[in-house]
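Could you build the full structure based on these sequences and the hints that come with them?
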Amino acid sequence: MTDPRERILARLKAAPKRPIPECPAWSAPTYGADERKAKFRAMLEASHADVHEVTAADWPDRLKAILAAKGVRSMLYAPDSAAGRQLAAGWTGDFALVPYDHPVEDMKEILVTGVDAALTTAEAAIAQTGSLVLWPSADEPRLMSLLPPIHVALVAEETLADSLAEILTAQNWAASMPTNAVLISGPSKTADIEQTLAYGVHGPKELIVLLLNAGDGR
Amino acid sequence: MAAEALKSDFGGKAHIALNDPKLRANFRRAMDGLMTKRAAQFADADEWNALRARGAAVRARALAQLPELLERLEARCQANGIQVHWAETTAEANAIVLGILQAAGAKRVIKGKSMVTEEMHLNAHLEAHGIAAVESDLGEYIIQLAGEAPSHIVMPCIHKNKVEIAELFADKIEGQAYTENVDELTAAARKALRGRFADADAGISGVNFAVAETGTLVLIENEGNGRLSTTLPPLHIAVTGIEKVLEKLEDVPPLLSLLPRSATGQPITTYVNMITSPRKAGEKDGPKAVHLVLLDNGRSRVYGDSELSDTLRCIRCAACMNHCPVYTRVGGHTYTFTYPGPIGKILTPQLEGLDCAGDQPHASTLCRACADVCPVQIPIPDLLVRLRTEAVHPSATAGVKGGGSAQSLSESLGWRGYTAMYGSPLIYRVVTRLMGLFGNWVPASAPMLKQWTSVRTKPKFAAKSLHQLAREKGFSHD
Ligand code: SF4
Chain A
335 MTDPRERILA RLKAAPKRPI PECPAWSAPT YGADERKAKF RAMLEASHAD VHEVTAADWP
395 DRLKAILAAK GVRSMLYAPD SAAGRQLAAG WTGDFALVPY DHPVEDMKEI LVTGVDAALT
455 TAEAAIAQTG SLVLWPSADE PRLMSLLPPI HVALVAEETL ADSLAEILTA QNWAASMPTN
515 AVLISGPSKT ADIEQTLAYG VHGPKELIVL LLNAGDGR
Chain B
19 MAAEALKSDF GGKAHIALND PKLRANFRRA MDGLMTKRAA QFADADEWNA LRARGAAVRA
79 RALAQLPELL ERLEARCQAN GIQVHWAETT AEANAIVLGI LQAAGAKRVI KGKSMVTEEM
139 HLNAHLEAHG IAAVESDLGE YIIQLAGEAP SHIVMPCIHK NKVEIAELFA DKIEGQAYTE
199 NVDELTAAAR KALRGRFADA DAGISGVNFA VAETGTLVLI ENEGNGRLST TLPPLHIAVT
259 GIEKVLEKLE DVPPLLSLLP RSATGQPITT YVNMITSPRK AGEKDGPKAV HLVLLDNGRS
319 RVYGDSELSD TLRCIRCAAC MNHCPVYTRV GGHTYTFTYP GPIGKILTPQ LEGLDCAGDQ
379 PHASTLCRAC ADVCPVQIPI PDLLVRLRTE AVHPSATAGV KGGGSAQSLS ESLGWRGYTA
439 MYGSPLIYRV VTRLMGLFGN WVPASAPMLK QWTSVRTKPK FAAKSLHQLA REKGFSHD
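So the sequence lines, in the order shown, correspond to chains A and B.
Read left to right, the first sequence gives residues 335 to 552 (the working numbering).
Read left to right, the second sequence gives residues 19 to 496 (the working numbering).
In case anyone wonders, no lab produced these hints; they're calculated from the structure.
Relax, there's no trap hidden among the hints.
Interface residues of chain A toward chain B, partial, derived using beta-carbon atoms under 8 Å:
(1) Arg345
(2) Leu346
(3) Pro353
(4) Ala362
(5) Val438
(6) Ala472
(7) Thr503
(8) Gly520
(9) Ile527
(10) Gly534
Per the computed footprint, the stretches of chain B lying under chain A, defined by three or more beta-carbons under 8 Å from a beta-carbon of chain A, are:
(11) 103–109
(12) 152–162
(13) 235–248
(14) 267–280
(15) 297–306
Idealized CB from N, CA, C, for every residue including glycine.
Right, dumping it as structure tokens:
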């Protein structure tokens, strides 16, 4: 037995067997329908994110206005996502749309320092902690929500759940975990220097959430 | 290896730390802030009790099935395309990491925060082989610039104030002017590290939870450096202790609700990063290869004792040190080894041996503050007492490294004499009588007494013992 794996496992298996304890009852908090959205907004805003309520029809214009006011010159977008296509159709914004359409190796410069913002969608949202649930994909790669100084996330109100526990069960994540799943609950931050909060240490300095209202299309 | 030569000198270092007003102010301020923020998170006692009972059970369940879960984790990771390595010692783990990097021709490494790689002294090992490893967590980056070790497991540079950091940055970062503005200091680090992320041939990270059911590595952080280290470079190596495994994905939410709230008083960290595979065909980013290194380094020995193995439930939240009256006063470097505070006092002697860290279980008042706040209910004070005992009377089963190393002839004779005295009325009477007659002649500087009287006044012996006085007053024997 010279293999470290065998030796470690042998030692663990030789240890006295212990009973497997019961899991005591616990459930994540739940909210009523109105309370849920208010909680989500309040939690996100408390962690320094901006939340805007938008509709399926007006969000591209709202996005344009918000980013133009911040002086954004270029925004990374996903040309093959539904949101990306809607945005790019007839784009006449004040700033350039930069597609993430090649592997990172071919466009590292642009990604690392060349864009001011990026737009992604979120799979779902969580009221308890004010979190966005992202499942980055081939269309909407992982670095979009990470490298540019401003991250804009579009999330549909009907995907708003109470807790992560609820989402894991309802969507049966255990059966099909993606390459990467990530919860985002605000802009990048640190308190490493004298416990003073500072934003944008490595990831985005700003997180802008566009909450897509269900149905009505006002 | 440097790590193996280390020996704890708690008393000596504590003395220096206690006389350093700047250090004490830095820790006091930080710990007060962290305690207040945590208390606000767990204001609802019922919620806290139910949640921590669940968290403790989830960890205990995982440990009860540890070997099976490790095998399942390995199988699931491999099926997902993550390569799994096992290391019995830190030297083996260092060699594995170095081997992976060399095979990939990697020269530049960017690191996310990881206490296990601190335990391995990985950076020094890589550097000795011509590979530069840059820490990217702001706190870790600061102490790497300063050439120091972390003094806290969550906030590694908590011992430094902003003036010290401002001086350090002005000195070490090219073109950086002196500023105490925290936003400017943070921006300077972002700028300096952006390029290092982009250039890195590999990223190295720790792991908070490894889920056996799905082969998923869960990493939590606020800065985004952890996500960058595990996404931008073409190669990702995750290093974890074997105890970090969880049975199911559904075990993550309760622990995720305990860890950041206990650690920094945040409801959740900014990022919760769940990694299940390397980049798949068609995906545009993410590392092309992911490796998981499982480090034992004494943990399987700790596992052999059913009481001491509670140590392995730890989720490294640091609440125990934040609330420890000893840690707050002496700071993290006093503990010499990687893990300071109450968790360090039970973990270090077991990993490194009671012969080189045997003084640590004594560096406690047993006030139980740590046990009160531990989100996974580790009975730290009980384990401290147990380790004190193991140092003198090693139990046959436990096999704690260095057990029995504190045995001393004079101490055991002393206790034997004490037992004999209290076991025999005659000897007791003779000894108390002698003490009454001659005790006050014994100088405070007498051998053995000296240590005790160095910080206390020597008591005065009464000429007559209480028993004698009682007898003279006519009270009968009982
Ligand atoms: S022992 Fe408990 S309180 Fe201390 S770091 Fe570990 S989990 Fe947190």
